[in-house]
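**Student:** Starting from the known structure of chain A, arrange chain B on it as the hints suggest.
Protein chains in written order, with my numbering: chain A, 1 to 109; chain B, 110 to 224.
Warning: the hint list may mix true and false statements.
To be verified - The calculated DSSO-like cross-link candidates involving lysine-lysine, where the alpha carbons are at most 30 Å apart (straight line), are:
hint : chain 1 : residue 1 : chain 2 : residue 2
1    : B       : Lys122    : A       : Lys22
2    : A       : Lys22     : A       : Lys57
3    : B       : Lys112    : B       : Lys164
4    : A       : Lys108    : A       : Lys73
5    : A       : Lys65     : B       : Lys166
6    : B       : Lys122    : B       : Lys112
7    : B       : Lys122    : A       : Lys57
8    : B       : Lys162    : B       : Lys122
9    : B       : Lys166    : B       : Lys112
10   : A       : Lys9      : B       : Lys166
To be clear, the hints were calculated from the coordinates, so they are not data collected in a lab. Because the structure is a prediction, the values reported are computed rather than measured.
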Amino acid sequence: AQRVTQPEKLLSVFKGAPVELKCNYSYSGSPELFWYVQYSRQRLQLLLRHISRESIKGFTADLNKGETSFHLKKPFAQEEDSAMYYCALRAGNTGKLIFGQGTTLQVKP
Amino acid sequence: DVKVTQSSRYLVKRTGEKVFLECVQDMDHENMFWYRQDPGLGLRLIYFSYDVKMKEKGDIPEGYSVSREKKERFSLILESASTNQTSMYLCASSTPLGLGANVLTFGAGSRLTVL
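If we strip away everything but chain A, and leave its shape as in the complex, we get (with noise of 0.2 Å):
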């Protein structure tokens, strides 16, 4: 079965601290990955996806086939980033995305 998993449902850090948000998935074929951030009061919107392999924001995601994770980091968080984010996995041929249970980062000052 496809599915993504995000562990954790908030992940609390001061600014300047490195960040981690994890992201696991189970899915038999090639798979295709991406993280989406909503921000307060705005739209879902697309972060990052590991076919592009750019940093955005200052934040980097690496696929490891072996682990099945699409963990995505970010060396020292900013305020700014504080918002919800999801994992999500493109299953099979069709547009279809599977998203994870969402991960909130709380960036304190």
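**Tutor:** The following block gives chain B in isolation, referenced to the frame of chain A:
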């Protein structure tokens, strides 16, 4: 430059009422989706459509139906609303082509309360 528009931002309905949620996109996207967003459960796919008049069930289609008569419009219908359908509903669209392939563009959401 709003690209995915959901017609109603907030709705309050009574149990048993028929509810229509409308979504329009102006990006000529082939794919359109309806998700519901609930705390602790994340986004769950209700239905999606990859072409006009085509639809496929997502993970939680029970109690919902959809309509896609035109490429730009995808409607979600609750035939007889129930309290457990109180939620935030998100519409999204995507294209399978090009650099932005399979990246979802979301609407602002429709918060439905069923009393």
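**Student:** Among the hints numbered above, which are violated by the structure, and what are their numbers in rising order?
**Tutor:** 1, 7
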